[in-house]
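Chains as they are written, first to last, in this note's numbering: chain Y, 18 to 511; chain G, 18 to 511.
Hints are computed from structural coordinates only; laboratory data are not their basis. As the structure is a computational prediction, the values presented were derived from the model and not from experiment. Be a bit skeptical, because a hint or two may be false.
Pairs involving identical chains hold if they fit within one copy or between any two copies, as the list cannot separate such chains.
Quick list of in silico lysine-lysine cross-link-like pairs, BS3-like style, CA-CA up to 30 Å [said to hold, decoys possible]:
| # | residue 1 | residue 2 |
| --- | --- | --- |
| 1 | Lys510 | Lys458 |
| 2 | Lys286 | Lys340 |
| 3 | Lys100 | Lys433 |
| 4 | Lys433 | Lys501 |
| 5 | Lys458 | Lys180 |
| 6 | Lys158 | Lys415 |
| 7 | Lys433 | Lys510 |
| 8 | Lys333 | Lys245 |
| 9 | Lys433 | Lys180 |
| 10 | Lys180 | Lys403 |
| 11 | Lys99 | Lys433 |
| 12 | Lys336 | Lys286 |
| 13 | Lys180 | Lys100 |
| 14 | Lys336 | Lys260 |
There are 2 protein chains.
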Amino acid sequence: MPGLLLLLPLLSLGGASCCCASPGASAVLHPAAARSAPKPRQPPYAAPAYQTRYVTQKIDHFGFDEDGTFQQRYLVADQHWKKDNGATLFYTGNEGDITWFCNNTGFMWDVAEEFNAMLVFAEHRYYGESLPFGNKSYTAKNLNYLTSEQALADFAILIQYLKTTFPEAQNAPVIAIGGSYGGMLAAWFRMKYPHVVAGALAASAPIWQFENLVPCGTFYSIVTNDYKKSGQGCSESILSSWKAIERLSSTAEGLHWLSSALHLCSMLKTREDVLMLKSWLGETWVNLAMANYPYEADFLQPLPAWPIQVACKYLKNPKQPDKSLLQNIFQAVNVYYNHSGHASCLNISQTATGNLGQMGWFYQACTEMVMPMCADGISDMFEPQKWDFHAFSEECFKIWGVRPRPSWILSVYGGKNISSHSNIVFSNGGLDPWSGGGVTKNITDSLIAIMIPEGAHHLDLRSNSPYDPQSVLRARALEAHYMKQWIEEFRHKH
Amino acid sequence: MPGLLLLLPLLSLGGASCCCASPGASAVLHPAAARSAPKPRQPPYAAPAYQTRYVTQKIDHFGFDEDGTFQQRYLVADQHWKKDNGATLFYTGNEGDITWFCNNTGFMWDVAEEFNAMLVFAEHRYYGESLPFGNKSYTAKNLNYLTSEQALADFAILIQYLKTTFPEAQNAPVIAIGGSYGGMLAAWFRMKYPHVVAGALAASAPIWQFENLVPCGTFYSIVTNDYKKSGQGCSESILSSWKAIERLSSTAEGLHWLSSALHLCSMLKTREDVLMLKSWLGETWVNLAMANYPYEADFLQPLPAWPIQVACKYLKNPKQPDKSLLQNIFQAVNVYYNHSGHASCLNISQTATGNLGQMGWFYQACTEMVMPMCADGISDMFEPQKWDFHAFSEECFKIWGVRPRPSWILSVYGGKNISSHSNIVFSNGGLDPWSGGGVTKNITDSLIAIMIPEGAHHLDLRSNSPYDPQSVLRARALEAHYMKQWIEEFRHKH
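One chain only, chain Y, in its complex shape (with noise of 0.2 Å):
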């Protein structure tokens, strides 16, 4: 699936959110991260406690003719909820298993106690347990009810049932809380059913990278500046590399070399795997400035502090020769997938922890979730590729029968013109390449954009630590402060 592969950058919208189940796991450190990183977190980190619940949702909201139902499993954690004064943070799920947005969102479990709030995490229909068809469910035609709109329903759905099965909770504000593409369905929700959630943080949500509303290079130029600020000759090194894999991969004995130099688990044969191989590559530059954490984290690998730094430690010279080079980004690459020290090999056709849905979100990419990507190798460091939409339509067609609909997400949320709403806050990595498609200055005085220069991907929805930067922790405390303006003005009202 070459076609495919290319436009792997688009559909790796990551994860969510943070740490506070991921216990400085690795006991043997890779020997370049022990270098610089800050000592990990020490144990013991409890994994949160948390009821497993589910409710019965209708696999479509929005058409009668399939009355079929299905569970959606939720999560549920009442430990510091009062239920006179309490509030409910409800996390909006995204495209993975719930309890792992769920025991890596140490922001909620940070604050739990401040708000008296009942906890909540909903799973993302289709992802993790929440299988509208079984294993039936990702087939072309189980798929159809795979979308944004009928994920909010679903929210709204369950915390009207919620407040059935709590019956104090009945008049108690609802908080939508979510990261990545969780943080635009939270936003998303806010719009849509503001009776139904008294504000929502939108953290690292890219709500406009859609269509023309941002450049379609932004994205990697940020990847690239994060690697340009972490070290000398870094960029330039990666930038080289496509090149030389091209040179290397010319000859029967090139490709043989680049697969034992890089470690690769299977060898490189056809130019499909030099083409996998090297968007493999760019997802794993892409994935380590997500991941770009102050702290040893498992994000979506086990990674030490500033990776990206560690990384570039082995990319200083861009101008050596090609084996040389590929040894070098080996070496880079190890950062990512070998923190621990235990990988005998690296396999490239997975870059990110397998708790996120790939395949889902691949056929929301399909769909809704049209996100523009390029590159030009001039003001960034991949190899250059237009964005080819009709290319990408008919990958999509090939694979799920389905074509995407690029404008459908502005007409239905508004792209920029979104003022008339209300108690939002929008939360923005300076090093996240997505926030190149996110709301990073505010738009009226309850719509908030909150700018964190130092963080990564939606770092704020992460537990406190002691590496955070001033930026995080300013940021953390103005969220809680306007969470705590929507519960005063949704009792004001109530």
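We have chain Y already, so just place chain G on it with the hints.
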């Protein structure tokens, strides 16, 4: 279909609006009407000049498996449109042929010049010519895409399309206007697509006629009050008539007499026929209440001024022998069905203009638009009838293969919790039975309720008339005032 018929009043949300192509159509006046009517408005009322256009719409906006399209009809009148500072007044078409609404929403034509406005009338999918599957649209399967959400998405797409077709309209404000179900759509359109419309005038829009938001008996009790106010003995006569019909229809001779005394086109034979007769009569009384305008008009039928008063002239004595009573009932019903004097017999299978799509509305009532109704024969003049959701659901399943979801509309549009929205005027007629489910009190300073005590069903959307009560003139002025305010606000933002 006796069950269906018992429930028919549910479905008669009537059409829309009013009167500028109803040029005193009937030359031959019914004697009763001639006595009390103000002089009919004089011709010529030129039929409004508009262009008929079509836009391509996705059959399914909310799923990608069905990728087909259809042609949605819309009408455009741009005689008064000023490209530099005009607005678009956009009629959110309801359950019928859009030309009927266009020809009968005089208010928009009356204010077009004042607003330098382009008028657009958008046809609702599955009605008129806008049939997603052509003449196969009304199969149970193909009706799946007949929902309010799909209709709103059509409107949003159409407006975006218009902005590319008329580039001068790109940055011009659009105001949604609708009456009855169209008024509900106008309000919901502003709620869900505030980036598309600057505000909405929702005339006689019973957005709260769902679940238990209002008592199920309100509707019939308002109808009854209209009759109580219109003549002594009137509502009591109607109340007495139900038992009189029961008694007469218990014998073959009585059935024969009834058929002939009421001038029915086909003889009453079975128990079902009698139930159908009563249902038809009930709906007739309801329709008279909806169309109880202060001047001769052609809304659901050509009618004299204050038609209930005219009908009530025949219904002064509730305590007469059954046959006398029913002969008077015939005279009263004749006011509705035979104002022209041309009808040779009365057809109990139809009560209103054929321009309304009764089957489509029935499907909508069987899915989303579940409006509980009941009567008790005490606070109203109707036969006692409980709201029987179960029976209704069975009927829907039998006929369409679908089950109604009575709480969905509340989940998706917020029920009474709509205070986060803005820029909607809800107007209500005090005589209109649908006002019971309408918004009759201000919610915020931009969610405004206007009452028109002397108004029937969206009198305010009709053309100005010398016979208009002061209250409707004030209402129209206030509506124009708010519309101007929304336009200014929009211009200020852009």
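Original post:
At most 30 Å between C-alpha atoms: does Lys333 with Lys245 qualify within a copy, between copies, both, or neither?
Top reply: Classified as within; 11 Å inside a copy, 92 Å across copies.
Original post:
What label fits Lys100 with Lys433 when the C-alpha limit is 30 Å: within, between, both, or neither?
Top reply: Only across copies: Lys100 and Lys433 sit 24 Å apart there, 38 Å inside one copy, limit 30 Å.
Subject >> Within, between, both or neither: Lys433, Lys501 at alpha-carbon 30 Å >> reply: both (26 Å within a copy, 24 Å between copies)
Original post:
Is the C-alpha distance from Lys458 to Lys180 at most 30 Å within one copy, between copies, in both cases, or in neither?
Top reply: between (35 Å within a copy, 27 Å between copies)
**OP:** Using 30 Å as the alpha carbon limit, work out where Lys99 and Lys433 are close: within a copy, between copies, both or neither.
**Re:** Answer is between: at 26 Å across copies they meet the 30 Å cutoff, but 38 Å inside does not.
Subject >> Within, between, both or neither, where Lys510 and Lys458 count as close if Cα-Cα is 30 Å or less >> reply: Classified as both; 28 Å inside a copy, 16 Å across copies.
Subject >> Homomeric proximity label, Lys433 with Lys180: Cα distance no greater than 30 Å >> reply: between (33 Å within a copy, 16 Å between copies)
Original post:
Should Lys180 paired with Lys100 be assigned to within, between, both, or neither, using CA atoms and 30 Å as the limit?
Top reply: within (12 Å within a copy, 50 Å between copies)
Subject >> Identical-chain pair category, Lys336 with Lys286, by Cα at 30 Å >> reply: Within one copy, since 27 Å is at most 30 Å while 99 Å is not.
Subject >> Intra- versus inter-copy proximity for Lys403 and Lys180 (alpha-carbon distance at most 30 Å) >> reply: between (49 Å within a copy, 28 Å between copies)
Subject >> Identical-chain pair category, Lys158 with Lys415, by Cα at 30 Å >> reply: So Lys158 and Lys415 pass the 30 Å test inside a copy (14 Å) and across (27 Å) alike.
**OP:** At 30 Å max between alpha carbons, let me know whether Lys286 reaches Lys340 within a copy, between copies, both or neither.
**Re:** within (18 Å within a copy, 96 Å between copies)
Checked against the numbered hints above, the structure breaks none of them.
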